[in-house]
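Given next are the chains, with one letter for each unit.
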Amino acid sequence: MADSTQRAAGATLEIRGLTVAVDDKEILTGVDLTIRAGETHAIMGPNGSGKSTLAYAIAGHPKYTVTGGTVTLDGEDVLAMAVDERARAGVFLAMQYPVEVPGVSVSNFLRSAATAIRGEAPKLRLWVKEQKEAMGRLKMDPAFAERNVNEGFSGGEKKRHEILQLELLQPKIAVLDETDSGLDVDALRVVSEGVNRVRESGRTGVLLITHYTRILNYIRPDFVHVFVGGRIVDEGGAELADELEANGYTKYDGAGVPAGGRELPRGPVAPGAVTTA
Amino acid sequence: MASGPAPEPAVGVETDSGAQTAMGAALATERAALKETGGITDGAVAVGVTPSTPRRPAGGSPADVRPERVRSTDPDVFGAPTGREEEWRFTPLDRLRVLLDGAPSDAHLSVDSELPEGVELVEVPSDSLDVPAPVDRLSALALQRAGSALVVRVPKALEVEAPVVLRLTGTGLDQVVWGHVVVDVAEQARATVVLEHSGSAHYAANVSVLVGDGAALQLVQVQGWADDAVHGAHVASRLGRDARLVSTAVTLGGDLVRLNETVEFTGTGGEVELRGVSFADGGQHLEARLLVDHSVPDCRSNVLYKSALHGDEAHTVWVGDVLIRAAATGTDTYELNRNLLLSPEARADSVPNLEIETGEIAGAGHASATGRFDDEQLFYLQSRGIPAEVARRMVVRGFFADVVEDLGVRELEERLMATIEAELEGAFA
Chain A
256 MADSTQRAAG ATLEIRGLTV AVDDKEILTG VDLTIRAGET HAIMGPNGSG KSTLAYAIAG
316 HPKYTVTGGT VTLDGEDVLA MAVDERARAG VFLAMQYPVE VPGVSVSNFL RSAATAIRGE
376 APKLRLWVKE QKEAMGRLKM DPAFAERNVN EGFSGGEKKR HEILQLELLQ PKIAVLDETD
436 SGLDVDALRV VSEGVNRVRE SGRTGVLLIT HYTRILNYIR PDFVHVFVGG RIVDEGGAEL
496 ADELEANGYT KYDGAGVPAG GRELPRGPVA PGAVTTA
Chain B
85 MASGPAPEPA VGVETDSGAQ TAMGAALATE RAALKETGGI TDGAVAVGVT PSTPRRPAGG
145 SPADVRPERV RSTDPDVFGA PTGREEEWRF TPLDRLRVLL DGAPSDAHLS VDSELPEGVE
205 LVEVPSDSLD VPAPVDRLSA LALQRAGSAL VVRVPKALEV EAPVVLRLTG TGLDQVVWGH
265 VVVDVAEQAR ATVVLEHSGS AHYAANVSVL VGDGAALQLV QVQGWADDAV HGAHVASRLG
325 RDARLVSTAV TLGGDLVRLN ETVEFTGTGG EVELRGVSFA DGGQHLEARL LVDHSVPDCR
385 SNVLYKSALH GDEAHTVWVG DVLIRAAATG TDTYELNRNL LLSPEARADS VPNLEIETGE
445 IAGAGHASAT GRFDDEQLFY LQSRGIPAEV ARRMVVRGFF ADVVEDLGVR ELEERLMATI
505 EAELEGAFA
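Listed in order, the protein sequences are those of chains A and B. Under the working numbering, the first residue of the first sequence is numbered 256, with each subsequent residue one higher. Under the working numbering, the first residue of the second sequence is numbered 85, with each subsequent residue one higher.
Hints are computed from structural coordinates only; laboratory data are not their basis. Here the structure is a predicted model, which means the values were calculated and not measured. Treat the hints with care, since some could be wrong.
Short, incomplete list of chain B residues facing chain A, as computed with Cβ under 8 Å [unchecked claim]:
1. G455
2. R456
3. D459
4. Q461
5. Y464
6. L465
7. S467
8. V474
9. M478
10. V479
11. G482
12. F483
13. D486
14. D490
15. F512
16. A513
Here are the in silico distance ranges between beta carbons for each label pair [what the hints assert, rightly or not]:
17. A335/A <-> A513/B: 21 to 31 Å
18. K384/A <-> A513/B: 31 to 41 Å
19. R380/A <-> E473/B: 42 to 52 Å
Here are the computed lysine to aspartate or glutamate pairs in the EDC-like style, where the Cα-Cα straight-line distance is at most 20 Å [stated by the list, open to error]:
20. K318/A <-> D214/B
21. K427/A <-> E406/A
22. K240/B <-> D297/B
23. K240/B <-> D214/B
24. K394/A <-> E331/A
25. K318/A <-> E460/B
26. K427/A <-> E448/A
27. K394/A <-> D441/A
28. K318/A <-> D459/B
Note that beta-carbon positions come from the ideal geometry of N, C-alpha and C, so glycine has one too.
So here's chain B without its partners, still in its complex pose:
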């Protein structure tokens, strides 16, 4: 589903689809065939995700057939994006070029941290780490160029109440910045980790999230960049047995922010919630691409992403892929994307994909809806004396509330809401 300024977008259209197990077998065969014909480069792991919803080809290219998803640490395995590829077709590559060019750099973001007792922050060489592999050229470049990683380590069975906070601040655009952050929550540990991005930077990074057996992590990433920042990242999570991850991405600032979020399970009973809110105003491109790969039995995933858009050329993209492999019996998954268009020039693209290779699941579904700002809500609030810009802010805040005000960490919720509030105030001023 896509909606844009012309022709009349799919406003207020909601699609729901449940499990379509019939297609699973065929896709498995298709992938096997590709493997045999050498469609997958040696050393790379391929994850096939084929759209369950019809889509238009981009620029007349055969992009309506989704290629195999390749994972590799070698940037050249991916080739340089042209914009015709399924995973790049929504991205304005000219604005990302500065990162895709891959110029070596040893520039860093400045780091400020709050570390509760027992939590370590160390720097280690990247090649010493066992982390999920990159999914595209940019994340492979970032891994290679960064060289080392900033590791937040929560030791085994440590339960920390206070959030771990890492403030990463960009200090300028003269050099690109390659980054790698690892959040490693060992088994039975419990923590809240907040990654706050701000300032000016051309920043490409991997965020590797490792949640050990029986561990629980609440991860919040705030993209509060300055207007000129460009940020591309692969947030790759790996969950152990009975691990739980709640990951929330709050994207407000930046010229272009493209987050690729992947989740894999290594043991049964894992549970992940992926949440996101983004507010795009004039000229901003905010893109979130998710892949939840259910490969082991009895795991759960729940996705809730919301975007509000305001102003000329504001663009959000949400692509939510969920794959339930044949072995992943008992999987329960649902994803939901909602977009609120506050002005006619804004554009929200929403593409949910669900691929199911087994019928023995607990549940699978997705929904996506994009709607215009409700003038009746505005009228109602205004008729109580509330000025239009305040009313608009209240409605957008309300739209985001169920994502943000359900984190269970009151102080964090309030801080995020205040950040969103400030962003809205600026946009509607």
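Chain A extracted, bound-state conformation:
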């Protein structure tokens, strides 16, 4: 739990023993992680290790059922909050596959979000300027604001739009779910610069979820966590990412297999008697 000194220094997200199931299948098997404002944590892991599940569980997607553990933001129970309450408390998720919202313009969407997060509608004149400047920093065409949210956006445009929201909403904790996937080098640089601007404010803790180390050349993490089998199996500094780049995840093979399991009969087993999930 956050003590007063941590509170003064900024927000803290604490994840303890988190287990999460999707359709009765356990995906997260016990995650412990603490993220403080100003820190950048990278979560790396192979496909299917549950990285995105962690992101969605923190944000509160209804498809993910928390079966155990706690998530708190400055001591407040995040899991007890509705999705929009979590966002207003300061949790932000940049999605891997942002959703299209037909008929809702980017500018309307952004202003609605800012109004909700800030607790009052930003003054229109100031807001137009703020939005325009933020878009300029991400090298987005002003006409973008009049398009419908994520409708017909290229992969790069979707990710810029996510980071635009990050910059405008200034959350306490930002979870970036594979923001680097599908980006060319130029887009990756622009998006990374956006994330770094938010980091430099020192007010946001960043959880960067990625499959590749490429983005870590632009956003240097303070901590790297290796995620296998629904939990963190190794931790280190930025140098751990370099090691993963060289050796991959093979050394963690098997690390995610939980103890126990159904014991099979000894001796010959009839074909079909043993099924694997």
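Knowing the structure of chain A, use the given hints to seat chain B on it.
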């Protein structure tokens, strides 16, 4: 296509069908045969429309064979609806009974108008008018009982920028109200006409829309009734040569609203856009039945109707009939219906029909899709701090936006959107 609460509705199912010209000849023969056997009452004009999509019979009746569509000014030609007829099978007749009983009444809606310079508003006896004939018992009753008509006249070649606005307000349910409104846009004229309905009424009416040669009319009808209103209307449009009509129906209020919208062309080059948005909440029955009758060459029609439904027993019906007669070569037509179910108890029926009697057309097609509210959209908006009810409102507003925000009259678009917004705010509060 129909979708309802049980069994699992055809959610997210989309059908598209293009021209099916093969059936045309057979239908023409069928109609000729009916005529010979006296299936059509004297003095009535029959328009045969047979479904191009399979449907279930209603209550085990032989309703899967669509009867001839009869047009007459005589209510008795139609007989009293039983609910088994194709055109009445979706309508809760008990709630419409008060109008179908046909009690004479001289009650009126109160009328308030905004008339730009040069536009006339007059009252004339109904029998002095040459307007398209009623399509069902209710519209025939309304024509007979109303006796006179309120006529908005835009004289020849007059072009008016400011909208003509007629506000029709119901003042109570003690007496039924029979109404007739005529919008007469003379040749080469250009106008925007807004008909706004509000208040409480049991109201049956004909709206006759006459668009002269080379004229253009933007017609907007808003059904912003109180919760207890019952409204049945036949909106009958007749387009001259090279005439253009954009007709938008916005139906939000009322216990039951049933609009029958027909379009006929009297000259080549006519163009019609029929648009509609409706938002049905708990207990409301909102029905739109369209017939676009292409009988002359080189006309175009485009239909876009959208409904959103929210709450117990919310019900919308859209039946879109398009007929391309043998003479209507070069016709280009498309119709699209989209329904958004915001709660599991709501029900949307969607029945597109396309009958084509000539192969020499520019294009013909229709599509219909009914889907549930997209939880991923809701999650996305909520994850940005936007409360669920605001998010839901944004999504529905967005769903309607392409119908409403394309009218080309900015002020009108904003006003309609604000009206829709207020309705949504009430429904999701």
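Verification of the hints:
1. G455: violated, 12 Å
2. R456: Hint on R456/B: violated, closest Cβ of chain A at ~14 Å, above 8 Å.
3. D459: With Cβ-Cβ at 7 Å, under 8 Å, it holds.
4. Q461: Holds. Min distance 5 Å.
5. Y464: Hint on Y464/B: holds, closest Cβ of chain A at ~4 Å, below 8 Å.
6. L465: holds, 7 Å
7. S467: holds, 5 Å
8. V474: Result: holds, 7 Å to nearest chain A Cβ.
9. M478: This hint holds: M478/B lies near chain A, its Cβ roughly 5 Å from the closest one there, short of 8 Å.
10. V479: holds, 6 Å
11. G482: Holds: closest Cβ of chain A sits about 3 Å from G482/B, inside 8 Å.
12. F483: For F483/B, the interface hint holds, since the closest Cβ of chain A sits about 6 Å away, which is under 8 Å.
13. D486: Nearest chain A Cβ about 6 Å off; hint holds.
14. D490: violated, 11 Å
15. F512: Violated: closest Cβ of chain A sits about 14 Å from F512/B, beyond 8 Å.
16. A513: violated, 17 Å
17. A335/A <-> A513/B: 21 to 31 Å: Distance hint for A335/A, A513/B holds at roughly 24 Å.
18. K384/A <-> A513/B: 31 to 41 Å: Holds, since K384/A and A513/B (Cβ atoms, about 33 Å apart) stay within the stated range.
19. R380/A <-> E473/B: 42 to 52 Å: The hinted range 42 to 52 Å is violated for R380/A and E473/B, with Cβ atoms some 28 Å apart.
20. K318/A <-> D214/B: Violated: K318/A and D214/B sit about 61 Å apart, past 20 Å.
21. K427/A <-> E406/A: Violated - the C-alpha atoms of E406/A and K427/A are around 28 Å apart, more than 20 Å.
22. K240/B <-> D297/B: Within the cut-off at roughly 10 Å; holds.
23. K240/B <-> D214/B: holds, 18 Å
24. K394/A <-> E331/A: With a Cα-Cα distance of about 37 Å, the restraint between K394/A and E331/A is violated, given a limit of 20 Å.
25. K318/A <-> E460/B: OK: K318/A and E460/B at ~10 Å, within 20 Å.
26. K427/A <-> E448/A: holds, 18 Å
27. K394/A <-> D441/A: Within the cut-off at roughly 11 Å; holds.
28. K318/A <-> D459/B: With Cα atoms ~10 Å apart, K318/A and D459/B stay inside 20 Å; holds.
Hints 1, 2, 14, 15, 16, 19, 20, 21, 24 from the list above are not met by this structure, while the remaining hints are.
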